[in-house]
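Keeping the supplied structure of chain A fixed, place chain B upon it in accordance with the hints.
There are 2 protein chains.
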Amino acid sequence: MSGRVFGELPGSRGGRRFGTRAELSEAGLHRPRVAGISGSEKEGADSIVLSGGYEDDEDRGDEIVYTGHGGRDVQTGRQVADQNFRGGNRALALSSLNGLPVRVIRKAGAASHSPAGDYRYDGLYLVDDYWYDTGRSGFRIRRYRLIKLPNPSHAELTVSEERGAYSAPRQASTITRIVRDTEQARRIKALYDYECQICGIRLVGLAGPYAEAAHIRSLGAPHDGPDVSENILCLCPNHHVLFDHGGVAVGADLALIGAVGRLTVHPKHQIGAEYLRYRRKHYGAAPCSNR
Amino acid sequence: MSGRVFGELPGSRGGRRFGTRAELSEAGLHRPRVAGISGSEKEGADSIVLSGGYEDDEDRGDEIVYTGHGGRDVQTGRQVADQNFRGGNRALALSSLNGLPVRVIRKAGAASHSPAGDYRYDGLYLVDDYWYDTGRSGFRIRRYRLIKLPNPSHAELTVSEERGAYSAPRQASTITRIVRDTEQARRIKALYDYECQICGIRLVGLAGPYAEAAHIRSLGAPHDGPDVSENILCLCPNHHVLFDHGGVAVGADLALIGAVGRLTVHPKHQIGAEYLRYRRKHYGAAPCSNR
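Respectively, the protein sequence lines represent chains A and B.
With numbering that gives the first Met the number 0 applied, the first sequence corresponds to residues 0 to 290, in that order.
With numbering that gives the first Met the number 0 applied, the second sequence corresponds to residues 0 to 290, in that order.
Chain A extracted, bound-state conformation (with noise of 0.2 Å):
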């Protein structure tokens, strides 16, 4: 994982001012000194600093239609070729595909949303979809919607609205699924390479495998559950919905319950019994439900 970080870091809150490139790298929050999207097509992006240097991206301020990189001649800047799907514009993608967090930082003039002078840290974004078009010089480029984390001091944020039942007639815009990992959910994912511990299932986007960690006793009040890895299975998202939601279960010798067979377990993956107890205990279909 070789240290990038997600998320804010210790100290940076959003309005931060930074006078150089070199600044900002110093303080984590954009390592590269010069390429606008930081990260890796196994880790996701972690940073993008708004430059305004390309002809294509749009800012909102909370939303922001942001250009992958390459394709640009180094003198003019003007687009000049297709942009491809890797390195940081892959990264992006898979930030979006793990709902990783992304530093927002815009350079002075950029656009109407930039501040006065150099660069400023703007707090976290969500990349919210992800496409290809032809820019303005007719070129293939990559495009990526991002949309603002609305409180980062206080936790990450993911927005959802709607029409329909829901009174207020605004634009709609849905982030369907966010499942930020913990390191050890990571880990987890990482060990069963994706595969569904249930079905065996291992789905698989532009981007890389996705699956979803699940905690068993699960992790806020009043549960408490900890975040090791023995309370964490890998699950797709069909299962994840059923084990959530009382639609499968695990009994005490690994069986399935709801489903036919037994839980898939890794020989490096130590499943905590007292949490499927625990789990067993207080869901699913069990005394009161149907009665």
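Honestly, the hints are just simulated from the structure, not real lab data.
Hints are all accurate, no fakes.
You can't tell identical chains apart in this list, so a pair holds if it fits in one copy or across any two.
Result set (DMTMM-like, lysine to aspartate or glutamate): computed pairs, CA atoms no more than 25 Å apart in a straight line:
1) K147 to D56
2) K147 to E62
3) K280 to D127
4) K41 to E194
5) K280 to E57
6) K267 to D192
7) K147 to D223
8) K280 to D56
9) K147 to D61
10) K147 to D127
All values reported here derive from a predicted model rather than from experimental measurement.
The following block gives chain B in isolation, referenced to the frame of chain A:
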């Protein structure tokens, strides 16, 4: 859908006070005049009142552990029997399954976070989790964890906090899946009886079936796809992930790309060829994705 309204009502913002349950009911914030939970097993719960009547409730302000209804002695208010998974209790679970927001009203004196007088509407919460437990009186009770949506006037928001690669060592808590449906999305899911149009699977949890609505041409800027049935697919979570992240696509002839077979389409569901075309043009493993 009987006119049950989820989320904010026009003109009603958090903090508004009411003298009586009748006034709350008139305002539409919480229609039943006695029951603590407003909702049905088919639609979900749209509001609750924290009246302080349940000895097992825990009110931490932004986080509430709420007790289901039933099993209390009319005279003493004490728990004298187990609670079942019917009516409002099941409705709250359905709201959890579908990510529906629940209006929370606090009665004066109900808990430390309650207002000084009468009833106060305190905004929208999500049912993050539900389970059962043995209450103080030794009977089975249904419990629900509700988490405050931070900014109801701006958007529906969901909380997801993490440890690990994220620097702040806070109490971890995760809401996994927030697919808030539009009216059109609900219609399409009902039309397919929650069967995935790609694989045919139908997931069923304790509170009912579960599927997700995927907009073919995305709703938000810059795509601005419309929220109409022609632009919506009913998918299982697995295929929703794959659809959103380039793992599966739909051809002009409705043949699946990246999976075997064809998209299942109900005779009453006309899918817009222009939306599928937009999707194929801008998403997926096309020209610049793997160079």
